[in-house]
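Enquirer: Here's the letter readout for the chains.
Number of protein chains: 2
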Amino acid sequence: MSNCSLCDSVGGFWLLEKNGWRVVRAQEENYPAFYRVISNSHMAEWSELSPEARAAGMDLVVGVEEVLRAQLQPRKINLASLGNVVPHLHWHIIARFEWDSHFPAPVWGPPLRPAPLAQLQAIETQLAALDVAIVQRLA
Amino acid sequence: MSNCSLCDSVGGFWLLEKNGWRVVRAQEENYPAFYRVISNSHMAEWSELSPEARAAGMDLVVGVEEVLRAQLQPRKINLASLGNVVPHLHWHIIARFEWDSHFPAPVWGPPLRPAPLAQLQAIETQLAALDVAIVQRLA
Numbered sequence: 651m652s653n654c655s656l657c658d659s660v661g662g663f664w665l666l667e668k669n670g671w672r673v674v675r676a677q678e679e680n681y682p683a684f685y686r687v688i689s690n691s692h693m694a695e696w697s698e699l700s701p702e703a704r705a706a707g708m709d710l711v712v713g714v715e716e717v718l719r720a721q722l723q724p725r726k727i728n729l730a731s732l733g734n735v736v737p738h739l740h741w742h743i744i745a746r747f748e749w750d751s752h753f754p755a756p757v758w759g760p761p762l763r764p765a766p767l768a769q770l771q772a773i774e775t776q777l778a779a780l781d782v783a784i785v786q787r788l789a
Numbered sequence: 651m652s653n654c655s656l657c658d659s660v661g662g663f664w665l666l667e668k669n670g671w672r673v674v675r676a677q678e679e680n681y682p683a684f685y686r687v688i689s690n691s692h693m694a695e696w697s698e699l700s701p702e703a704r705a706a707g708m709d710l711v712v713g714v715e716e717v718l719r720a721q722l723q724p725r726k727i728n729l730a731s732l733g734n735v736v737p738h739l740h741w742h743i744i745a746r747f748e749w750d751s752h753f754p755a756p757v758w759g760p761p762l763r764p765a766p767l768a769q770l771q772a773i774e775t776q777l778a779a780l781d782v783a784i785v786q787r788l789a
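Chains A and B, in that order, give the protein sequences.
Under the working numbering, think of the first position of the first sequence as 651, with each following residue one higher.
Under the working numbering, think of the first position of the second sequence as 651, with each following residue one higher.
This is chain A alone, in the form it adopts within the complex (with noise of 0.2 Å):
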């Protein structure tokens, strides 16, 4: 054991992986729509990686950001590299609406509403075809 709980575990539903980065799903409370590309090896920053690894992770992103929007029709996708709990590189990738909890503030922050049941469910049925159609995307 590392003591990073992404080099110990898979970090969420696990997609594909592929040129040392591997897609999963993040199974995030009120964000079924949510993705992480998590690289395998344990780096902090994104400018610490060559440019032919950023561009790999980076294509995993864009592909997932591709099929987000068009399965989903999001009203935004939001990208981010945090890692300060967690000191190894990931990638968010979120679905965001207008209806969510916190739109159109980050979801880092505190709820501006509860996560409506029916628009939620209403995603999460489609969340097997969404995990398909980026494996099929990007693999």
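Errors might be hidden in some of the hints.
The list treats identical chains as one, so a pair stands whether inside a single copy or across any two.
Said to hold, decoys possible - Simulated crosslink set (DMTMM-like; lysine to aspartate or glutamate; CA at most 20 Å straight-line): (1) Lys668 to Glu679; (2) Lys726 to Glu748; (3) Lys726 to Glu667; (4) Lys726 to Glu695; (5) Lys726 to Asp709; (6) Lys668 to Glu678; (7) Lys668 to Glu774; (8) Lys726 to Glu698; (9) Lys668 to Glu748.
Note that these hints are calculated values from the structure, not bench results.
Could you slot chain B onto chain A? The hints should help.
Expert: Coordinates of chain B only, in the frame set by chain A:
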């Protein structure tokens, strides 16, 4: 006027323009070492850009990150492209420190502590040199 604040204004302290993107210092309270890489064209989503336009923008993001790491030795760099309020592509590049008002939380939530004046001022005295180093690195 276009009704978009990033079409109608620079969006910060202007540093340089390159390949369809501009680099500004964000001038956010309590976060002196906070820069933005802003698309000149009014596009909402990262995956709407051509691969060449994305690469040009990401080169600037990485360059700003490299300068921040070299000059300030931050605890972490945070990168994000959100745009829920202003759907005009812009990347946030934020140097994070253990002493800052939100660390280790993202900067968009409630502060965990007041930002300590001495440390803020120590960063502020370096801003001119930081701005120059960014322009030298990227121009």
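Enquirer: Each of the hints needs a verdict: does it hold here or not?
Expert: Going down the list of hints, with the structure as the test:
1. Lys668 to Glu679: So Lys668 and Glu679 fail the 20 Å test inside a copy (27 Å) and across (40 Å) alike.
2. Lys726 to Glu748: Cα proximity of Lys726 and Glu748: one copy only (9 Å, versus 31 Å across).
3. Lys726 to Glu667: neither (26 Å within a copy, 26 Å between copies)
4. Lys726 to Glu695: Only across copies: Lys726 and Glu695 sit 7 Å apart there, 25 Å inside one copy, limit 20 Å.
5. Lys726 to Asp709: Close inside one copy (19 Å), not across copies (23 Å); limit 20 Å.
6. Lys668 to Glu678: neither (23 Å within a copy, 37 Å between copies)
7. Lys668 to Glu774: neither (26 Å within a copy, 42 Å between copies)
8. Lys726 to Glu698: Between. Shortest inter-copy distance 12 Å satisfies the 20 Å Cα cut-off; intra-copy 29 Å does not.
9. Lys668 to Glu748: Result: close neither inside a copy nor across copies, 33 Å intra and 33 Å inter.
Going through the hint list in order, the structure does not satisfy hints 1, 3, 6, 7 and 9.
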